[in-house]
Amino acid sequence: MKRVIPTYKNLVDIIQDAADQESDAAQYYREAAELAEDQELRKFLLDLADMEDDHHRMLVEKLEQLKAEKTVMDGILSSYGDSEEEEDEKHTDSAI
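Just so it is clear: in the sequence shown, position 17 is 16 by numbering that gives the first Met the number 0, and no numbers are missing.
Worth flagging that the hints you see were computed from the coordinates, not collected in a lab.
Note that CB positions come from ideal geometry on N, CA and C, so glycine has one too.
One or more of the hints may lead you astray.
Lysine-lysine pairs mimicking DSSO-like chemistry, simulated, CA-CA at most 27 Å apart [stated by the list, open to error]:
| id | residue 1 | residue 2 |
| --- | --- | --- |
| 1 | Lys1 | Lys69 |
| 2 | Lys61 | Lys8 |
| 3 | Lys66 | Lys1 |
Pair by pair, the computed Cβ-Cβ distance ranges are [claimed, not checked]:
| id | residue 1 | residue 2 | range |
| --- | --- | --- | --- |
| 4 | Met50 | Tyr79 | 41 to 51 Å |
| 5 | Gly74 | Phe43 | 14 to 24 Å |
| 6 | Tyr27 | Leu65 | 31 to 41 Å |
| 7 | Thr70 | Glu39 | 18 to 28 Å |
| 8 | Tyr79 | Ala35 | 15 to 25 Å |
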C-alpha cells in the first residue's frame with residue numbers, strides 16, 4: 000500500500016505529524032501485544048512500543064524547541080515592525 004505524503008507548510012507541521020505517527024505506532028504495538036499469546040512476541044511488541052514512545056518524546060522536545068525559537072524570532076522581528084511570516088513573504092516574493 001502506497002502512503003500519501005501530506006503537504007506541509009513548515010518544519011513544525013512535519014515534526015508534529017511525525018510525533019503523532021510515533022504515538023499511533025506505540026498504541027498499535029501495545030494493542031498487538033495484548034493479542035499475542037506468545038510471551039516472547041508480547042515482550043518484543045512492548046519493546047517496540049517503548050521505542051516508539053522514546054521517538055515521540057524526542058520529537059516533542061524538538062517541537063517545543065522549534066516553537067520557542069519561533070517565538071523569540073517573532074519577538075525580535077516585531078520589534079522592527081515585521082513578523083516572521085512577513086519576512087517569509089518578502090523572501091518568497093523576491094524569489095519569484
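Each hint, compared with the structure:
{"no.": "1", "hint": "Lys1 - Lys69", "verdict": "violated, 34 Å"}
{"no.": "2", "hint": "Lys61 - Lys8", "verdict": "holds, 17 Å"}
{"no.": "3", "hint": "Lys66 - Lys1", "verdict": "violated, 31 Å"}
{"no.": "4", "hint": "Met50 - Tyr79: 41 to 51 Å", "verdict": "holds, 44 Å"}
{"no.": "5", "hint": "Gly74 - Phe43: 14 to 24 Å", "verdict": "violated, 47 Å"}
{"no.": "6", "hint": "Tyr27 - Leu65: 31 to 41 Å", "verdict": "violated, 26 Å"}
{"no.": "7", "hint": "Thr70 - Glu39: 18 to 28 Å", "verdict": "violated, 47 Å"}
{"no.": "8", "hint": "Tyr79 - Ala35: 15 to 25 Å", "verdict": "violated, 58 Å"}
The structure fails hints 1, 3, 5, 6, 7, 8 (numbered hints given earlier, in ascending order).
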